[in-house]
Each structure stands twice: as C-alpha cells, then as structure tokens.
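**Q** Protein sequence lines correspond, in order, to chains Y and Z.
Under full-length UniProt numbering, think of the first position of the first sequence as 1, with each following residue one higher.
Under full-length UniProt numbering, think of the first position of the second sequence as 1, with each following residue one higher.
FYI, nobody ran anything at the bench for these hints, they're computed from the structure.
Remember, it's a predicted structure, so these values are computed and weren't measured experimentally.
Just so you know, not all the hints are guaranteed correct.
Which stretches of chain Y does chain Z cover? Using the computed rule of at least three CB atoms under 8 Å from a CB of chain Z, they are [as the list claims (entries may be wrong)]:
#1 26 to 40
#2 91 to 101
#3 115 to 124
#4 159 to 169
Glycine included, every Cβ here is placed at the ideal spot set by N, Cα and C.
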Amino acid sequence: MAFEDLLNDPVIQKYLHELVGPTGMPVAAAPPEGEVTDEELAEELGLELNDVRRALFILYENDLATYRRVRDEDSGWLTYLWTFHYDNIPENLKEEMDRLLEALEEREEYERTHEFYLCDVCSIRFEFGEAMDFGFECPECGSPIEAMENDRLVEAMEWRIDQLRSELNADVGN
Amino acid sequence: MSVSELEADLSADERAGLELIRETGGIHQSDFWKELDVSSRKGSRIAEALEEAELIERERTVYDGHNTYFLEPTARDLDFSLLMAGDMLSPFIGEEEIDPQSDAFSQWLMNLAYEEY
Numbered sequence: 001m002a003f004e005d006l007l008n009d010p011v012i013q014k015y016l017h018e019l020v021g022p023t024g025m026p027v028a029a030a031p032p033e034g035e036v037t038d039e040e041l042a043e044e045l046g047l048e049l050n051d052v053r054r055a056l057f058i059l060y061e062n063d064l065a066t067y068r069r070v071r072d073e074d075s076g077w078l079t080y081l082w083t084f085h086y087d088n089i090p091e092n093l094k095e096e097m098d099r100l101l102e103a104l105e106e107r108e109e110y111e112r113t114h115e116f117y118l119c120d121v122c123s124i125r126f127e128f129g130e131a132m133d134f135g136f137e138c139p140e141c142g143s144p145i146e147a148m149e150n151d152r153l154v155e156a157m158e159w160r161i162d163q164l165r166s167e168l169n170a171d172v173g174n
Numbered sequence: 001m002s003v004s005e006l007e008a009d010l011s012a013d014e015r016a017g018l019e020l021i022r023e024t025g026g027i028h029q030s031d032f033w034k035e036l037d038v039s040s041r042k043g044s045r046i047a048e049a050l051e052e053a054e055l056i057e058r059e060r061t062v063y064d065g066h067n068t069y070f071l072e073p074t075a076r077d078l079d080f081s082l083l084m085a086g087d088m089l090s091p092f093i094g095e096e097e098i099d100p101q102s103d104a105f106s107q108w109l110m111n112l113a114y115e116e117y
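So that you can see chain Z by itself, here it is in the shape it has in the complex (with noise of 0.2 Å):
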C-alpha cells in the first residue's frame, strides 16, 4: 500500500496527531496528547497507530526526568531535494569518505550560491 493510501484510512484524530508530528519534526509524547488536547490513553493510542502504519517512527526516551516517547516523522517525508545544489547532487553520495575541501564539494557550493541561493 502507498503512503497516501495509508494516510488516506487515518482517523480524523491520527491525521491531526500526523499533521503535529510533522509541523514539529518531533515531539515527545508526554507534550504530543496536551498539543492534541486529548486524554495521555488516546494520546498513546493515535502514537501507537501511526507507527503501526509506519508513518512515524516512536523511540522510548527519558525526558523532563520521566519516561516516554519521542514522535518524529518516518525519512520518507524528509525534503531529499536539500541534497541538491541546482542540478547537482551531494558529491558525497557513494563515497566512503567525506572531504569537505574536495573540488567537487567546491563545485557544488558555487552552485549552491550562484544557482540557487
């Protein structure tokens, strides 16, 4: 099933909650239920399923001292074009090593500032 197809069986609750996740980049699931203005259960259960549909990834963490959650979006919906420098791709791309005084970073950067900046 596509991304769109997913989103597109989501409740109106787990779409507000996606739609958060996404505005914020990431948010730890003790603030995601009060940002939600849902009760900490329903809160944990629109979390729950968003990951189960892989359209969030959820990591346990510790934060303000206790235990939770934190909610990011999945890399699928990371803007890849930032790789870009006009039509260039990162330099780095299949390379073991990254050599930021190399000529073809250089390239890029020109690019960068002449193309698109």
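This is chain Y alone, in the form it adopts within the complex (with noise of 0.2 Å):
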C-alpha cells in the first residue's frame, strides 16, 4: 500500500471518509502501488463495481486520482487505469484551512456585533431584533425569552482564529 504515512493521519482518515462515504472507504483508504483498474480493485475489495467507481470518481474530482484509457485491440473495450495521487492531500487541507479561517472570521463579527436571545424550552436563538418584534416572547411556545451570552463562543472562535492564523502564517505578508 502506497501513502502510509498520510494515511495513519486520523484527521486524513476522517477527511476521505467525508469525500467518498462508508461504501467508497474501502478503496480510498488502500491505495495501490502503480496504476490499478477499477476491476481489479472491485476483485480485490469484494466491491461492487459501481461503488469502486464512484468512489474512484470522487477522488478523481478531487485532484486525488487520475485515469488513462486503453483500448482492448481483440475485444475493442476501453480499461481504466487509475493512479492515486494523494501526495495531493496536505495542499487539499491547506485550502480547506484557510476556508475555514475564512468562515471563522466572518462569523465571529457577526456574533461579536450582535445580541441574542435564546428560548429555552425550544432552544431557538433570536436576534435582539428579531425578539424585541415577537415581544420576547418564543413565537413557537409562547415562554419569555432570555438574553443569552456568547462570550464563550466568541472566545473559542477567537483562539481557533490565532491558531489557525499563525499556521497558516496568514498574517504575514510575503
């Protein structure tokens, strides 16, 4: 098996589990040496060959895998040869990093510059203005509702943010 050392990672682990579902896990997560044929791993897997198939397709999608036909001179049919290209996978990651910094920072001044106010017996959360026009009362049960304090929130969203920030390096400008 090829990629060892990527995949002990368990956020990898978790992160093609993500892409390609419970029945793609299978071939995502034992890459082959060299070029494989969708057969081949079907055969190998005990897998359906529709699921080897989208599964290798969702990883072609993902820059993770390409094929090359090759056509059968006797039977004229066309084989897929598929390679695992997951030395892709950390710049993968990277990009989903700064997309999370991205959400990150723009949902935290959101909750930084608003109020709430929260229905306890429903938990559902309102804007200040939003409960001042139900008259602070839940339009769903009809309890007061309370002000609620983020702080907490705010402050994990804020130290994520500098973690992800200084390994990222994004706030140096280069």
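Reconstruct the complex from the two isolated chains, following the hints.
**A** In structure tokens, the structure reads:
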C-alpha cells in the first residue's frame, strides 16, 4: 500500500471518509502502488464495481486520482487505469484550513456585533431585533425569551482563528 | 521515500535550516542565512537542497526592495487537527460554497466552544 504515513493521520482518514462515504472507504483507505483497474479493485476488495467507480470518480474530482484509458486490441473495450495521487492531500487540506479561517472570521464578527435571545424550551436563538418584534416571547411556544451570552463561543472562535492564522502564516505578507 | 527518511538524509546545516523554516513558519532567504549564521551562498545551497527534497517551498519574491526567495514549510507539515472541533471535521469539506451561518457550522462551533476550548 502507498502513502501509509499520510493515511496514519486520523484527520486524513476522516477527510477521505467525508469525501467518499462509508461504501467508498475501502477504496480510499487502501491506495495501491502504481496503476490499477476498477475491476481489479472491485475483485480485491470484494465490492460492487459501481461503488468502486463512484469512489474513484470522487477522488478524481478532488485531484486525488487520475486515469488513462486503454483500448483492448481484441475486444475493443476501454479499460481505465487509475493512479492515486494522495500527495495532493496536504495541499487540499491547507485550502480547507484557509476556507475554515475565512468562515470563522466572518462568523466571529457577526457573533461579536449582535445580541441574542434564547427560548430555553425550544432552544431557538433570536437576534435582538427579532426578539423585540416577538415581544420577547417565543413565537413557537409562547414562553419568555431571555438574553443569551455568547462570550464563550466568541472566545473559542478567536482562539481557533489565532491558531489557524499562525499555522497558515496568514498574518505575514510575503 | 517517506518524509522521515528524507529528513534522515539531511546534513546538520540542512536540518538546522529546516528547523528554522518550520519554527518561523516562513522566512525570506535574505534573513535565512543571517539567522543560520552561514554565508549567503551556503544559505542558498541549503534552501535549494531542501526544496529539491520537497521539504520546503521556495518562491521568488521582492523583499526590502531586492529579489529574494520566500521559504516556507510544505503543506505536509501543517497541523490538520485544526480542522476538527471535538470529533467533527470542518463542515465545508466537500462543499462548493462556505456558509458561515449554516447549521452544520453552528454545530461545529458548539463543539469547539464546549468540547475543545
């Protein structure tokens, strides 16, 4: 099996699982060295050919596998020869860290600059303006809604934003 | 060859250089050789060797008005666990658009605030 050091990382395992789902995971978790056909993989892993193909095309869409087509001289059938490119995983995950940072920054700003009210019964959160429109009563159950602190949420977001910025070198222009 | 095998083959100077790049998270080559206390030629050779071994990335840039390179660790060195909140992976993986107000992200934030932080 190839790329073992990458596949030992539980986050990378989780990432592949997120992409291909449970049925595709046997394909994603054991990339062979060199080229392989979808039929070979299906036989080796004891999977339906369709499930193998689905997983391979998801990996392809995420730059983690490529294929080349070869026509069999006798039968005229096309064979797909697949190569796994898991060396692209770190770059993909770096991009995901950039995207996560962007979302955190935007959401942190929103959380910090708004006031919230909560219905304890329904666990629904309202912005101050909404709460006022409803006369500070939950529109679902009629119970009074109370001001809600989100300090801990904001602090946790700032903590992770700092970690991501320093890891991604986001505060250093180059 | 795995990364650890590549690293085992490095000279003492190259290893020190790699450490410096990882510690700083990225450094200009013009500062790199001064920090390492080697000549600029030697600093340049070290950076080239590390780039060749794919242990760092080296990109041309202008810094303080002169041409140099920016040296930074490869993505492989990043701490990917920052994508996790508790046992939940970033909800934006596999999504085209990022929506900072999505329910999935709110759930991720709750995990972050009450499980990790």
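**Q** Each hint should be assessed against the structure and marked as holding or not.
**A** Here is how each hint holds up against the structure:
1. 26 to 40: violated (count 0)
2. 91 to 101: Held - the region 91 to 101 of chain Y has 7 residues with a Cβ nearer than 8 Å to chain Z, which meets the minimum of three.
3. 115 to 124: violated (count 0)
4. 159 to 169: Held - the region 159 to 169 of chain Y has 8 residues with a Cβ nearer than 8 Å to chain Z, which meets the minimum of three.
Violated hints, in rising order: 1 and 3; the structure is consistent with all others.
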